Amino acid sequence: MEQIVFFVLGFVVLASALTVAASKNLVRSIFMFFVTLFALAGLYVFALADFVAITQVVIYVGGVLVLMLFAFMLTNKEVLNNLQQGSKRFISLQKLPALLVAVLFLLILVNAIIKAQPDNLAWIQASAQSGNVISPTDNMVPNIGISLMTRYLLPFEAVSIFLMMALIGAAHLARKEEHKF
Amino acid sequence: MNFYLIYIAVALGLFAFAALFALFGVYAERKVSAFIQDRLGPTETGKFGSLQTFADILKMLQKELITPAAADKVLFVLAPFIIFIAVYLGFAVMPWGPGLVPVSLNIGLFYVFAIISIETLGIMMAGWGSNNKYSLLGAMRSVAQVISYEIPAGFAIISVVMIAQTLDLQQISLQQGTLSTVTIKFLGFANVTHIGGILSWNIFRAPHLIIAFIIYFIASLAECNRAPFDIPEAESELVAGFHTEYTGLRFAFVFLAEYSMMFLVSMLAVVLFLGAWNTPLPNMGTVHLADWTTGWGWGILWISLKSLALVGVQMWIRWTLPRFRIDQLMNLCWKVLTPLAFVCMLISGVWRLLLM
Numbered sequence: 001m002e003q004i005v006f007f008v009l010g011f012v013v014l015a016s017a018l019t020v021a022a023s024k025n026l027v028r029s030i031f032m033f034f035v036t037l038f039a040l041a042g043l044y045v046f047a048l049a050d051f052v053a054i055t056q057v058v059i060y061v062g063g064v065l066v067l068m069l070f071a072f073m074l075t076n077k078e079v080l081n082n083l084q085q086g087s088k089r090f091i092s093l094q095k096l097p098a099l100l101v102a103v104l105f106l107l108i109l110v111n112a113i114i115k116a117q118p119d120n121l122a123w124i125q126a127s128a129q130s131g132n133v134i135s136p137t138d139n140m141v142p143n144i145g146i147s148l149m150t151r152y153l154l155p156f157e158a159v160s161i162f163l164m165m166a167l168i169g170a171a172h173l174a175r176k177e178e179h180k181f
Numbered sequence: 001m002n003f004y005l006i007y008i009a010v011a012l013g014l015f016a017f018a019a020l021f022a023l024f025g026v027y028a029e030r031k032v033s034a035f036i037q038d039r040l041g042p043t044e045t046g047k048f049g050s051l052q053t054f055a056d057i058l059k060m061l062q063k064e065l066i067t068p069a070a071a072d073k074v075l076f077v078l079a080p081f082i083i084f085i086a087v088y089l090g091f092a093v094m095p096w097g098p099g100l101v102p103v104s105l106n107i108g109l110f111y112v113f114a115i116i117s118i119e120t121l122g123i124m125m126a127g128w129g130s131n132n133k134y135s136l137l138g139a140m141r142s143v144a145q146v147i148s149y150e151i152p153a154g155f156a157i158i159s160v161v162m163i164a165q166t167l168d169l170q171q172i173s174l175q176q177g178t179l180s181t182v183t184i185k186f187l188g189f190a191n192v193t194h195i196g197g198i199l200s201w202n203i204f205r206a207p208h209l210i211i212a213f214i215i216y217f218i219a220s221l222a223e224c225n226r227a228p229f230d231i232p233e234a235e236s237e238l239v240a241g242f243h244t245e246y247t248g249l250r251f252a253f254v255f256l257a258e259y260s261m262m263f264l265v266s267m268l269a270v271v272l273f274l275g276a277w278n279t280p281l282p283n284m285g286t287v288h289l290a291d292w293t294t295g296w297g298w299g300i301l302w303i304s305l306k307s308l309a310l311v312g313v314q315m316w317i318r319w320t321l322p323r324f325r326i327d328q329l330m331n332l333c334w335k336v337l338t339p340l341a342f343v344c345m346l347i348s349g350v351w352r353l354l355l356m
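Those protein sequences? They're chains A and B, same order as listed.
Numbering follows my numbering, with no gaps: position 137 of the first sequence is 137.
Numbering follows my numbering, with no gaps: position 27 of the second sequence is 27.
Do not rely on the hints blindly, as some may be mistaken.
Chain B stretches covered by chain A per the calculated footprint, using a threshold of three residues with CB under 8 angstroms from any CB of chain A [said to hold, decoys possible]:
| id | stretch |
| --- | --- |
| 1 | 38 to 49 |
| 2 | 257 to 271 |
| 3 | 324 to 334 |
Quick list of in silico lysine-lysine cross-link-like pairs, DSSO-like style, CA-CA up to 27 angstroms [to be verified]:
| id | chain 1 | residue 1 | chain 2 | residue 2 |
| --- | --- | --- | --- | --- |
| 4 | B | K133 | A | K24 |
| 5 | B | K73 | A | K24 |
| 6 | B | K47 | B | K63 |
| 7 | A | K95 | A | K24 |
| 8 | B | K47 | B | K59 |
| 9 | A | K176 | B | K63 |
| 10 | B | K31 | B | K73 |
| 11 | B | K73 | B | K59 |
| 12 | B | K59 | B | K31 |
Keep in mind that the hints were calculated from the coordinates and are not lab data.
Keep in mind that this is a model prediction, so the values were computed, not measured.
Using N, Cα and C, we set each Cβ at its ideal position, and we do this for glycine too.
Using the sequences and the hints, build the whole thing.
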């Protein structure tokens, strides 16, 4: 049962991601991206990372996607129409660099996975033998909170300051210029 | 195999509840608005017009489903269902009584918060898919408003979580009555673990949560697009906002989502601040009112009554206050509610460390 759900989710992620990339209608491809993100959240649940799954929905679906849609709806329709009039053929000269980069990146990824041999990594086998694993009923939220406030405090604060800078910058850019007479 | 049947039965039950509540809610809204405006409201269909909404839904089911020629068909058709499903999924983690919760997630509160934000995406789909200027403007206004008001609502919720120390809605409920496993202190000093009742509700455990409750309630009005925050569907400016082009069953789904959302946010407010399914009657001496009125049947009764009371307040506010202008709305959110919510969160931290 779990395996069937896993494969269905995996298929949905791949198929919707392909549609996002291939679709000529940009707004629709953003809505397809929503499907991708949601199915990906489902895969996170399978990895017992339920907090990450929900965070993914909050941040990407509730934040990033809506922001992208906003940007779209506030841009000129002409720009969108120009984008839709690309070449119709699947393989053409304009697409060659993109195809090249994609294929090379796939090769690197496959190579990395084969070299790493994720099934018999030393630290995974060690923690499996010592029973240092999480079970589906464990409550991982306190664990995440404690880790963030102790071991990962410095990166956490650095990210906060970075976001603060972005916010101040945005507020400064959006501010009205003072009139000087 | 048996528990799959139970899952399906629970899901169907919740759907039936949402539909029935929407029918009742529309009727109540009409009667409340009529009372406030010194009118009679529906009187003809059934006794006191009580069958009016049934007649309306019958009419709606028969109507033709019109899709505008220039609309993006897929998005247009899907949008009302996405909007409704987002709200409906939120009910999955809501506790109804002791031991009576569809799914007891240890991140339930966070889940509700996340799943509600999907509704904005549905509204965007509806606004864009309709290919209509009014719909698009309505959707933009709605999303801007919902995203802004998620921030004070989120911080009001965090100030409760800091007191309760859990994200599980059922645990938060348990902590507010006689079934609690932790000590409850009324206003931080009197031990009321065995007295229960209204004294052990979160807003009385830590009185600054009253402010958090008001912040959350105002923000939840904005998240449901209810008056005085109904600029997304301002009838006098935008026809009907993002659902201008919808007819028949699709329009019914948008409406169903709106009323389910009203109930969902009220229920969340009750769970977080007003003692969830716990009784308001305290134990007094030998009269164990709190113990007598705690149980799963009573739980359903109390949580429904409290949530319906909050829904009633929402309706009262809608028919009393005029609509906000967009700049007033954003001023209220960013300059009043957000700083206040931050202060609440700060007090929660100090309260937890010093008084609990």
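A quick look at each hint next to the structure:
1. 38 to 49: It is violated: at least three residues are needed, and the stretch 38 to 49 of chain B offers just 0 whose Cβ sits closer than 8 angstroms to chain A.
2. 257 to 271: Result for this restraint: violated, n = 0.
3. 324 to 334: With 0 residues closer than 8 angstroms to chain A, the stretch 324 to 334 of chain B misses the three-residue bar; violated.
4. B:K133 <-> A:K24: holds (23 angstroms)
5. B:K73 <-> A:K24: Since the Cα atoms of K73 of chain B and K24 of chain A sit roughly 16 angstroms apart, the hinted pair holds (cutoff 27 angstroms).
6. B:K47 <-> B:K63: holds (26 angstroms)
7. A:K95 <-> A:K24: Between K95 of chain A and K24 of chain A the Cα gap is close to 14 angstroms, so the pair holds against 27 angstroms.
8. B:K47 <-> B:K59: holds (19 angstroms)
9. A:K176 <-> B:K63: Given that 27 angstroms is the threshold and the Cα spacing comes to 50 angstroms, the pair is violated.
10. B:K31 <-> B:K73: Between K31 of chain B and K73 of chain B the Cα gap is close to 37 angstroms, so the pair fails against 27 angstroms, i.e. violated.
11. B:K73 <-> B:K59: holds (24 angstroms)
12. B:K59 <-> B:K31: The hint holds at about 20 angstroms.
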